[in-house]
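Visitor: Single-letter residue listing:
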Amino acid sequence: EAGVVQSPRYKIIEKKQPVAFWCNPISGHNTLYWYLQNLGQGPELLIRYENEEAVDDSQLPKDRFSAERLKGVDSTLKIQPAELGDSAVYLCASSLDQARGGEQYFGPGTRLTVT
Amino acid sequence: GNSVTQMEGPVTLSEEAFLTINCTYTATGYPSLFWYVQYPGEGLQLLLKATKADDKGSNKGFEATYRKETTSFHLEKGSVQVSDSAVYFCALSNRGAQKLVFGQGTRLTINP
Numbered sequence: 018e019a020g021v022v023q024s025p026r027y028k029i030i031e032k033k034q035p036v037a038f039w040c041n042p043i044s045g046h047n048t049l050y051w052y053l054q055n056l057g058q059g060p061e062l063l064i065r066y067e068n069e070e071a072v073d074d075s076q077l078p079k080d081r082f083s084a085e086r087l088k089g090v091d092s093t094l095k096i097q098p099a100e101l102g103d104s105a106v107y108l109c110a111s112s113l114d115q116a117r118g119g120e121q122y123f124g125p126g127t128r129l130t131v132t
Numbered sequence: 760g761n762s763v764t765q766m767e768g769p770v771t772l773s774e775e776a777f778l779t780i781n782c783t784y785t786a787t788g789y790p791s792l793f794w795y796v797q798y799p800g801e802g803l804q805l806l807l808k809a810t811k812a813d814d815k816g817s818n819k820g821f822e823a824t825y826r827k828e829t830t831s832f833h834l835e836k837g838s839v840q841v842s843d844s845a846v847y848f849c850a851l852s853n854r855g856a857q858k859l860v861f862g863q864g865t866r867l868t869i870n871p
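Chains A and B are the protein sequences, given in the same order.
To get this note's numbering, take the position in the first sequence, counting from 1, and add 17.
To get this note's numbering, take the position in the second sequence, counting from 1, and add 759.
It is worth saying that the hints were derived from the structure and are not from the lab.
Computed from a predicted model, the values in this text were never measured in an experiment.
Here's a subset of chain B near chain A, in silico, CB distances under 8 Å, partners left out:
| hint | residue |
| --- | --- |
| 1 | 801 |
| 2 | 802 |
| 3 | 803 |
| 4 | 805 |
| 5 | 848 |
| 6 | 858 |
| 7 | 859 |
| 8 | 861 |
| 9 | 862 |
| 10 | 863 |
| 11 | 864 |
Even for Gly, the Cβ is constructed at its ideal location relative to N, Cα and C.
If we strip away everything but chain A, and leave its shape as in the complex, we get (with noise of 0.2 Å):
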């Protein structure tokens, strides 16, 4: 079974500029997560999506950030414009049913660099 994946791994650009960041969950997982992951911290969540609903983006920067989840399955995060304090580490994750106790499966992340 694949796992969740994510592109791109690695990603450079200048302030200001807009970056997109793609996610592909396990199929079938209804649910869907962004979390940051600032250098030498634990993950926090963006975003949780359940199916296309985002039901969860009160820490979601929503000036700058923005996320879709189109017909339940893909999602991309976007930021525009970027600042220096964006990078980080965007984790994207999985679940079942988290409703149920699913388990949460993370992808290997985008590291994302302004200059």
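With chain A fixed as given, assemble chain B onto it according to the hints.
Guide: Just chain B now, with coordinates in the frame of chain A:
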């Protein structure tokens, strides 16, 4: 709010040494507790979990017991190997919030 505190790292041990990584939590209700491991260049993997007080999670020789009275979930392994070198994250999930709250991680290095 919910939070997780892990012992400060990095931790360096010799092969076959005994390992303890401390983890304490603050949460409302009755959270589930987890240990995740992140090997270099890879995503986080669930190592073990416990869903109620006094439960013991175990996997690959690692163990952790859910202690409600001390709000702790310390990770232990009797004899570590070089291959255990990784970053370990303690986390909790309150079913009402349905999200993982992580500690800051502990980097473990095992020397042969």
